[in-house]
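> Listed in order, the protein sequences are those of chains A and B.
Here full-length UniProt numbering is used: position 272 in the first sequence is 272, and no number is missing along the way.
Here full-length UniProt numbering is used: position 323 in the second sequence is 323, and no number is missing along the way.
There could be a bad hint or two in this list.
[What the hints assert, rightly or not] Sample of chain A residues facing chain B (criterion: CB under 8 Å; computed from the structure):
#1 Leu109
#2 Ile113
#3 Phe156
[Stated by the list, open to error] Label-pair distances were calculated between CB atoms; the ranges are:
#4 B:Pro299 x A:Arg51: 28 to 34 Å
#5 B:Lys243 x A:Met308: 29 to 35 Å
#6 A:Met308 x B:Asp159: 38 to 44 Å
#7 A:Leu325 x B:Lys243: 34 to 40 Å
No lab work stands behind these hints: they were computed from the structure.
It should be emphasised that the depicted structure is a prediction, and the values quoted were computed from it without experimental measurement.
Glycine residues also receive a C-beta, built at the ideal position from the N, C-alpha and C atoms.
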Amino acid sequence: MTATAVRDETTKESRTMKVESFLGRHAALMPTFAALAILLLLFAGAEAFLRGDFITPRNISALLLDNAYLLVLAVGMTFVILTGGIDLSVGSVMAFTGILGAKLLADGLPVVIAVPAIILGGALIGLVIGVLVQYFNVQPFIASLAGLFLARGLAFVVSLSSIKVEEPAILWLQSTRITVGSWYITPTGIIALLAVAVAAFVLHLTRFGRTVYAIGGSESSARLMGLNVARTKVAVYVISGLCAGLAGLILTAYSGAGYPRNGIGTELDAIAAVVIGGTLLTGGRGYVVGSMVGVFVYGTIKTIISFMGAEQSWMQIIVGALLLLFIVVQRAIVARSEGRR
Amino acid sequence: MTGIFKNRLFWPVVSLLTLVVVNTIARPQFIEITMRDGRLYGALIDILRNSAPLMLVALGMTIVIATRGIDLSVGAVMAVSGAVALTIIDGSGNPGSLGTVAVAVVVAVLVALVLGVWNGFLVAVLKIQPIIATLVLMLAGRGVALLITGGFITTVNSDPFSFIASGYVLLLPVAFFISVAAIAVMSLVERRTALGVLTEAVGINPEASRLAGVRSRGIIWSAYIVSGTLAGVAGIIYASNIKAADANAAGLFIELYAILAVVLGGTSLSGGKFSLAGTVIGVLIIQTLDSTILFLGVPSAQSPVFFAIVVVVVVVVQSSRVRGALSRASASLTRAKTDTDDREKAEVAR
């Protein structure tokens, strides 16, 4: 009798210890779970508030379609933030590559030249930022600020007004709908999801990905371990630029035109989505899948606001408030793990 | 001679003078100042007048950067302050009266001060990274400004209010006097009291200065309050200039230009030593460059390309890699010189 009671107690104890050690080992996962919980809460709240009109296959499918470009941007941003950097240029790069593609197509160049030009253009600006950060010791904030100015100005150099895209291959990316029941997905959505899958694979299952996390954890330790810090740091900015180029392609397909004023402030939305998705801005912790959740939280709030017919200015306030909530949560987590050490 | 070269302000001043000289050669009327009805006019006066909002914001940014921080929210604070002021003036029965305008300006600056307190609280008390702490307000601030104006661009017709940006006192624009007053007050407070030294101490090594008994929390907090308040005044000048509160356009990208001005002025973004005089010159460089680009007939939308090039050149020149290469080059030059000197001496001795 007493023996069983004691055993019960020990199993209970070990169970709580297990839970605690699970939480301890996976503390980095907590913010991502929190983001997921908020996403589900948003869905449930909107469903209840709009009396069952919110969670429909059409709305969920549109969520991916409308935010495909932001998802791709957030994927690139996750790489940069994981190394402890930041990339402010992505919104402008997206505008620049989008208008560049539209201009090349309007000049009669074939798609096989225009699309690689879009993506390479983004990667090139990323390379400039990466070289400034790594080889000239410029702070990521300032280097990517130069990238922001450069790309925004170049977008206006390409064209001061919007250019319509009539190339069927580009419009196909947007207009094709692969339907399953009343669910649908467009090629742009598939590209975005593929970007997430590839990024998750690279970050978790390759040497490069481990190096990215190691740099974010402690750059000098990573260097002392013999990891190739310089190449990796340049590469994350190139990846971010590449993603911005891809986002430019998606946005051009989505809006059917290139416009040099696109994406003003989109870099902040991307950063907000990454942070809401649980990636620590100090680097070293976070998941690209979390960033996807962050983008969906962002997109859902936007949908809810337009459903309620409220002013879009609330969008900025709510995203700001959510951002605040998440950084305070992150701060608490970091403080706890530092205390344990 | 080397003293002049070593001075931190040497390169900023040279850049500014080069810009002025190039402009004067390209268009002689650039340097001309004419007088009409007791007022001075000319491209240089325009630069002084138009630089006022950026000047105020950049001065605040200098102090924040000196504490190892950054304030991204200044543009949004400008929008909020303009929205508050114009909504009060618009809602009052007598928009033309001096009292109404005074109340509106005071309330708007107080609101901006409170926003600065909020930023400082996040950074100094909750210890959140400055970039991200001020990003919250940068995102939410414009939303708040839009809510205050009800989503519209509020316009007013109020002579005392327009006077702030376009009025003249003693030959010169009022806006110019506002920025001179801000420069004077900031330099007095930072350089004639210990505050400036303490700020630099906090920026150079927060831990060491804390151990030395510096109350870093209060100093960091006050830096954000100063930055918010100055942004509030800048927002009023901006709103007064266009006689409207435009929540979307007010102060757009000004945080980036202000940071650029601070860096151009020789203050390092990694905190510590700061130079208010450098920032003033940095602001004038940006404003002159802006005027030059406009004169060249480049559409203003394309001007960011020029600023990007300026940023890249400045940061590359400031980087330790290039500096190291330069000092190595000059060292080998002087070594070569002393070598020849020695040889000459040896020959003379022989």
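> Flag every earlier hint the structure violates by its number, smallest first.
1, 2 and 4
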